[in-house]
Amino acid sequence: MALPLILALVLGLGALTFVLRGMGPFLTTVPVVITSRTVGLAPALLAALVAIELTNARGVLHPDARLAAVIVAGGLAALRAPLLLCVVAGAMTAAILRAVVP
Amino acid sequence: MATVRHRAVSDNSAMRPVRTILLSAAPIALAVGFFGASFGVLAVAAGLPGWAAVLMSVVVFAGSAQFAAIGVIAAGGSVLPAVLTGALLNVRYFATGIAVARALPGGRLRRTLLAQLVVDESFVLGVAAGEPGRPDGRTLVAVGALLYLTWVAGTTAGALIGPALGDPRRLGVDAAFPALFTALLWPMLRGHHAVRCALAGAAVALLLAPFTPPGVPLAGAALAGLWLSR
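Protein chains in written order, with the working numbering: chain Y, 1 to 102; chain F, 1001 to 1230.
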């Protein structure tokens, strides 16, 4: 990646996050109704990220070793395994599948 | 007067020495350190220089958003959708920022800076140590500062060892992204409402993915999540 793009990525996300986190002291009168409207955002986005990761270059669902990684990670998460274990086990599943299946 | 006495009695948690607060957060700090290391490894594998991965952890300090932004880049997306995806995942910190604003010490500027230490884990511990509707400010700041240091240190370690790991695909590093997002998503799926939002987000993203550039499916999923958050 070129340097200006790297800086735009890092500092752009940093600045937006700073503003989001730091608005509180200036917005003491914002009703809970508005802030509670954001609760569905994180699950919707994360589910979309999982779905997008399982598509191919044309944007169509394409089950491969990544799907196995998702199933393993989801199963471990359901068993309340630590986040790191879920991720490592998922990645290892994909690595082993790729090594075994030509 | 009654409220003052009530506060004096129930505020025991705020009297805990900082050392006790930090010790109780040590297991979380360890996990955050490893999480930071995995971010460093994945960021380098996605093509980011090591210093940029560390700088990102310094100025963003939000695991899922950083992973999502890197994930968009790794999947071939451009900078704008990557930044917007990460920022959308951090919109929840707008809500927590308002929730902690009155619990933090100092004037507006100082509280704005201290609010940067609020992440999911420090928020949960701060709420647990506080009173209903008023998180414990000392816990928020102490735990937040500890997690910030371990997050940045972990990222640095990951960015340093990342290049030594070799071909990321052979190690399944690319599969770590969907695995991570799944593991982050799972604990959020408490109740029909969150499940509905997740299903709608995935469905909207998959419907848009074949016809739109990267980033649009995620924006559509975000809109679906907001729309259902009523």
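Incorrect hints may have been included.
Residues from chain F that face chain Y, not an exhaustive set, calculated with beta carbons under 8 angstroms [said to hold, decoys possible]:
1. 1028
2. 1029
3. 1031
4. 1156
5. 1189
6. 1225
7. 1226
The following label-pair restraints were derived from C-beta to C-beta distances [said to hold, decoys possible]:
8. 1165(F) - 79(Y): 22 to 30 angstroms
9. 1108(F) - 80(Y): 34 to 42 angstroms
10. 1015(F) - 4(Y): 34 to 42 angstroms
11. 1106(F) - 100(Y): 32 to 40 angstroms
12. 5(Y) - 1015(F): 34 to 42 angstroms
13. 1105(F) - 58(Y): 52 to 60 angstroms
14. 1105(F) - 27(Y): 26 to 34 angstroms
15. 1105(F) - 57(Y): 45 to 53 angstroms
16. 1132(F) - 11(Y): 31 to 39 angstroms
The set of hints was computed from the structure by calculation and includes no laboratory data.
Virtual Cβ for every residue (Gly too), placed ideally from N, Cα, C.
Open item on the list: Hint by hint, where does the structure go against what was stated? Just the numbers, ascending.
Closed with: Hints 1, 2, 4, 10, 11, 12 and 14 contradicted; others consistent.
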